[in-house]
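The listed protein sequences derive, respectively, from chains R and E.
Per the working numbering, the first sequence runs over residues 67 to 310.
Per the working numbering, the second sequence runs over residues 67 to 310.
Derived from the structure by calculation, the hints contain no laboratory data.
Any given hint could turn out to be false.
Heads up, simulated DSS-like pairs for lysine-lysine below, C-alpha to C-alpha not over 30 Å straight-line [stated by the list, open to error]:
(1) R:Lys-258 x E:Lys-287
(2) E:Lys-282 x E:Lys-293
(3) E:Lys-139 x E:Lys-287
(4) R:Lys-266 x E:Lys-139
(5) R:Lys-296 x E:Lys-111
(6) R:Lys-184 x R:Lys-282
(7) R:Lys-270 x E:Lys-226
(8) R:Lys-226 x E:Lys-165
(9) R:Lys-270 x E:Lys-197
(10) E:Lys-240 x E:Lys-270
(11) R:Lys-139 x E:Lys-139
(12) E:Lys-270 x R:Lys-143
(13) E:Lys-226 x R:Lys-226
(14) R:Lys-139 x R:Lys-293
(15) E:Lys-184 x E:Lys-165
(16) E:Lys-282 x E:Lys-226
(17) R:Lys-226 x E:Lys-266
(18) R:Lys-287 x R:Lys-258
(19) E:Lys-143 x R:Lys-111
(20) R:Lys-226 x E:Lys-280
(21) E:Lys-280 x E:Lys-293
(22) R:Lys-165 x R:Lys-241
(23) R:Lys-226 x E:Lys-282
(24) E:Lys-240 x R:Lys-226
(25) R:Lys-184 x R:Lys-165
(26) E:Lys-226 x R:Lys-240
(27) E:Lys-270 x R:Lys-293
(28) R:Lys-139 x R:Lys-287
(29) R:Lys-270 x E:Lys-132
(30) E:Lys-139 x E:Lys-282
(31) R:Lys-258 x E:Lys-297
(32) R:Lys-297 x E:Lys-266
Number of protein chains: 2
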Amino acid sequence: MNRLNPHISVDCVIFGFDGLQLKVLLNERELLPDEDSSILSDLLKLPGSLISDTEELDISAYRVLKELTGLDKIFLKQFAVFGSPNRLQNTNDVEWLRKTSGMSIERVVTIAYYSLVKINESNPNESLLEKTSWIPLNEVPQLIFDHNIIVNSALEALRKEMRTDPIGFELLPKKFTLRQLQNLYEVIMGNKLDNRNFRKRIVKLNYLVPLSEKEKGVSHKPAQLYKFDKKTFLRERKDIGFVI
Amino acid sequence: MNRLNPHISVDCVIFGFDGLQLKVLLNERELLPDEDSSILSDLLKLPGSLISDTEELDISAYRVLKELTGLDKIFLKQFAVFGSPNRLQNTNDVEWLRKTSGMSIERVVTIAYYSLVKINESNPNESLLEKTSWIPLNEVPQLIFDHNIIVNSALEALRKEMRTDPIGFELLPKKFTLRQLQNLYEVIMGNKLDNRNFRKRIVKLNYLVPLSEKEKGVSHKPAQLYKFDKKTFLRERKDIGFVI
């Protein structure tokens, strides 16, 4: 990789869904030689990187994702920029950044992405696995820099996008139950949905295809599996038009 | 103003509407001492600036807007980042940037904003007026750097936002006719709307308030004027929900 740019980074809010909870992938900040490993659990951060000077921004973000999830064809969306001159306020954090990058860092503008991952298909790099964890969104602790603000802002951007695009399917396994689908929408939107209305709405959709398979390995009565037929969705997609 | 950051700029796509056409505010690039003024008309650009090292990104964008339109409380939205290592390819453009900034510039990541302005209320700084012009969107010539791409991307972002938010009113005078409103939506969406359906839809909206005034100074039969009642809109706003 080429020379790093001391002023510009990418940070990725990687969302995953395990059927019940919406989670976000966080890493431990690398320790400096003179730091004690007992502080590590207090030093969680979003996966990110300063950009290389010859790298497209999106490529920098895909690089971070590939390193951490082992996946390279996943949903990635640039949603905001965080560039306050005060965002690197904690002197410990800044010292860490200076030492790990080997550069004098005064201000870093970060381009923020969110990514949607099927947790069961992600396959983190072995060496990183122990430093990386999926944390339920409502249990995210204090992160370094302004990373908590970035996580919250990513959730808002995801919600907004779901008003017009059914990107939730990126978070589900290829075959899923209607219960999983409803759970997903409930955790993202942050409120309970009426079961009957949800089912009624679902059965009208030609692009939600019931399969001849059922759930396996569950203790309750196995539920019907469905898949999302993207081609049908794109063909039938209604023009949402505009609000006046 | 403080030291400029050689790596990060803001660029603003300032949209205006004159009742018939959607326009964008462009400036002439400043001439270098050894350049002939005959080339100026070929050197149009988006209003923008390298950021100052102590300035919030949004403040940089507002500074550019204030300098060029005289307005300081206008709609501004950060919508994308353009950071390809190849975006400053034209050697003349790069040389200009280097000379006017007095810095060695290798790569500039630009944070792009679009802004919505009531043309009749904008009041450009006198000294800039002769270097600035409102150009109809479908007549925008070749701009410097990747600024044509940024303009097109801003229009897409504006269209997308109008699927869920009625921000078009930011472009209209406070009192407007239904014809102006329909013209606005037609030029932004890029297609004709059926007059009867549009009127039918409009009369149902409690937040579009007919005034006791009519148009003045027109040769045709003066039309009724309306205003947008934002408070009523926000109170009655329907939850658009989500697509599955």
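Against the structure, the hints:
no. : hint                  : verdict
1   : R:Lys-258 x E:Lys-287 : violated, 53 Å
2   : E:Lys-282 x E:Lys-293 : holds, 16 Å
3   : E:Lys-139 x E:Lys-287 : violated, 34 Å
4   : R:Lys-266 x E:Lys-139 : violated, 45 Å
5   : R:Lys-296 x E:Lys-111 : violated, 40 Å
6   : R:Lys-184 x R:Lys-282 : holds, 18 Å
7   : R:Lys-270 x E:Lys-226 : holds, 26 Å
8   : R:Lys-226 x E:Lys-165 : violated, 42 Å
9   : R:Lys-270 x E:Lys-197 : violated, 57 Å
10  : E:Lys-240 x E:Lys-270 : holds, 20 Å
11  : R:Lys-139 x E:Lys-139 : violated, 42 Å
12  : E:Lys-270 x R:Lys-143 : violated, 37 Å
13  : E:Lys-226 x R:Lys-226 : holds, 11 Å
14  : R:Lys-139 x R:Lys-293 : holds, 19 Å
15  : E:Lys-184 x E:Lys-165 : violated, 34 Å
16  : E:Lys-282 x E:Lys-226 : violated, 34 Å
17  : R:Lys-226 x E:Lys-266 : holds, 28 Å
18  : R:Lys-287 x R:Lys-258 : holds, 23 Å
19  : E:Lys-143 x R:Lys-111 : holds, 27 Å
20  : R:Lys-226 x E:Lys-280 : violated, 38 Å
21  : E:Lys-280 x E:Lys-293 : holds, 12 Å
22  : R:Lys-165 x R:Lys-241 : violated, 46 Å
23  : R:Lys-226 x E:Lys-282 : violated, 41 Å
24  : E:Lys-240 x R:Lys-226 : holds, 28 Å
25  : R:Lys-184 x R:Lys-165 : violated, 34 Å
26  : E:Lys-226 x R:Lys-240 : holds, 28 Å
27  : E:Lys-270 x R:Lys-293 : violated, 39 Å
28  : R:Lys-139 x R:Lys-287 : violated, 34 Å
29  : R:Lys-270 x E:Lys-132 : violated, 51 Å
30  : E:Lys-139 x E:Lys-282 : holds, 27 Å
31  : R:Lys-258 x E:Lys-297 : holds, 28 Å
32  : R:Lys-297 x E:Lys-266 : violated, 34 Å
In summary, the numbered hints that this structure violates are 1, 3, 4, 5, 8, 9, 11, 12, 15, 16, 20, 22, 23, 25, 27, 28, 29 and 32.
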